[in-house]
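**Student:** Sequence:
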Amino acid sequence: MATSTPAITSTVTGLTKQQQQQSMGQLSSQHQQQDFRQEGTSMVNGKTSPDHISITEFNASKQVQFFDGLRTIRFSGQLSLKSPLGSVWTFYFYLGRILYATGGTHPVRRWMRNLTAYCPQLDIAQFKSMSDLASPAVAAMKVCWEYQALCSWVDQQKITREQASKVVWSIVSEVLFDVTQANEIIYLVESSNSVFTPLILFDAERLIADVQQKWQLWQQAKVVDRSPNQAPIIQQPERLQQQISAASYQTLATLLNGKRTLRDLAIKRQRDVAEVTRSLLPYIQAGFVKLVDVPDFPVPFAGLPTAATPISTVGASATAVEGLLVACVDDSPAVCRVMETILTQSGYRFVGVQDSLRAIATLLTRKPDLIFLDLVMPDTNGYEICSQLRKVSAFRDTPIVILTGNDGIVDRVRAKMVGASDFLGKPVNAETVLAVAHKHLKHLQQNSSLIVG
Numbered sequence: 007m008a009t010s011t012p013a014i015t016s017t018v019t020g021l022t023k024q025q026q027q028q029s030m031g032q033l034s035s036q037h038q039q040q041d042f043r044q045e046g047t048s049m050v051n052g053k054t055s056p057d058h059i060s061i062t063e064f065n066a067s068k069q070v071q072f073f074d075g076l077r078t079i080r081f082s083g084q085l086s087l088k089s090p091l092g093s094v095w096t097f098y099f100y101l102g103r104i105l106y107a108t109g110g111t112h113p114v115r116r117w118m119r120n121l122t123a124y125c126p127q128l129d130i131a132q133f134k135s136m137s138d139l140a141s142p143a144v145a146a147m148k149v150c151w152e153y154q155a156l157c158s159w160v161d162q163q164k165i166t167r168e169q170a171s172k173v174v175w176s177i178v179s180e181v182l183f184d185v186t187q188a189n190e191i192i193y194l195v196e197s198s199n200s201v202f203t204p205l206i207l208f209d210a211e212r213l214i215a216d217v218q219q220k221w222q223l224w225q226q227a228k229v230v231d232r233s234p235n236q237a238p239i240i241q242q243p244e245r246l247q248q249q250i251s252a253a254s255y256q257t258l259a260t261l262l263n264g265k266r267t268l269r270d271l272a273i274k275r276q277r278d279v280a281e282v283t284r285s286l287l288p289y290i291q292a293g294f295v296k297l298v299d300v301p302d303f304p305v306p307f308a309g310l311p312t313a314a315t316p317i318s319t320v321g322a323s324a325t326a327v328e329g330l331l332v333a334c335v336d337d338s339p340a341v342c343r344v345m346e347t348i349l350t351q352s353g354y355r356f357v358g359v360q361d362s363l364r365a366i367a368t369l370l371t372r373k374p375d376l377i378f379l380d381l382v383m384p385d386t387n388g389y390e391i392c393s394q395l396r397k398v399s400a401f402r403d404t405p406i407v408i409l410t411g412n413d414g415i416v417d418r419v420r421a422k423m424v425g426a427s428d429f430l431g432k433p434v435n436a437e438t439v440l441a442v443a444h445k446h447l448k449h450l451q452q453n454s455s456l457i458v459g
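Start counting the sequence shown at 7; every next residue gets the next number (the numbering used here).
Hints are computed from structural coordinates only; laboratory data are not their basis.
For lysine-lysine, the following DSBU-like pairs were computed, each having C-alpha atoms within a straight-line distance of at most 30 Å:
1) K448 with K422
2) K274 with K296
3) K296 with K432
4) K265 with K172
5) K68 with K432
6) K397 with K445
7) K448 with K397
8) K445 with K432
9) K445 with K422
10) K220 with K296
11) K220 with K265
12) K296 with K373
13) K432 with K422
14) K220 with K274
15) K373 with K265
16) K68 with K172
17) K274 with K164
18) K397 with K432
19) K265 with K296
20) K172 with K220
21) K228 with K432
22) K220 with K68
23) K164 with K265
24) K274 with K228
25) K228 with K265
26) K373 with K397
27) K172 with K274
Required output: the full structure, derived from the provided sequences and hints.
**Tutor:** Now the structure itself:
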């Protein structure tokens, strides 16, 4: 379904009348070709906006068409992209070419990793704040602090322009890879009239071609369902020691400590991330090694935000939800992984339970504030577990949300009869999961806000 042209109008403000007309024709044409859908009102940086458009299957060909539209109108400003799981990336453009990109899971870790790889002589620790390194001209740029720091270091001859170019190229490639893996995105463009001399500019088509090669390697390695932002950790050391030599085990034990992501390891070993992941896959499939989510690094300078502000329709602050524990009982590792990503990125703590027979014991031990409960499991069902939980005094008032792919009236009635608080259809998405969490935990969030404040 094609979106109407008025939905795009506010995204090209600040351009000349001729550029706006070009923009309308180019983007409207692409919308018809790419099946863009109007997403309705959302929030960006706390401001309501009706201009969020989603793109399904945001593959290389659609990326080329989309970025070519921005190049044609010589667009300057920000392009914000949001995934169904809630990740937000920001691309900066100058006269239609890519200036920089940030956001996603590990913006600081990504930046530090590439600085270490391409600027080994740089000692970041000597800079305590941005005021220590940014000139007034650099500080006036409407670009993120990561890019401003690179510009300042080039000006001060602490790094070369060639080094900075390699850092930016690698960072933008990583961001675009993550966007490609997300597959479906919601976008918003915001123009800017800022005028400055850019450090380096890249044509989107070259970047897309480079990322497409990396994505094909990732697919060939059969790890499409894994994220290069996850960190491998040895899960069963005794069994792994029986399979490999002592020297090999010692090497793996040093590297696979749960603190280095697959991308960190690839840089350290000077190998492609797909190659590194493929080499670990037999150990992962055997259960010897597990991929876990790890937090981003803290920002290296005082007084800076930790990451791009996420696009959200829920409005619950991370401070308000901090400390609240959400459980998901589902025999599917994929569902638990998706739920964990959605909830932890919004500040909640998470516990996943895949063994339905141990669910009640685990929940009694952890005592979550909210429980998502799968309806259909191998050895039991959500109705039985919900009914048993309601007989335990500790869970008499705990919100329990039934997860199911069969959202029928009979299931809803039966869920209510056994004491379920709510019903959520599968497949889950970030917006509905967070909305349900906010609905059932808002009284606890308000209490938390009062305590924090």
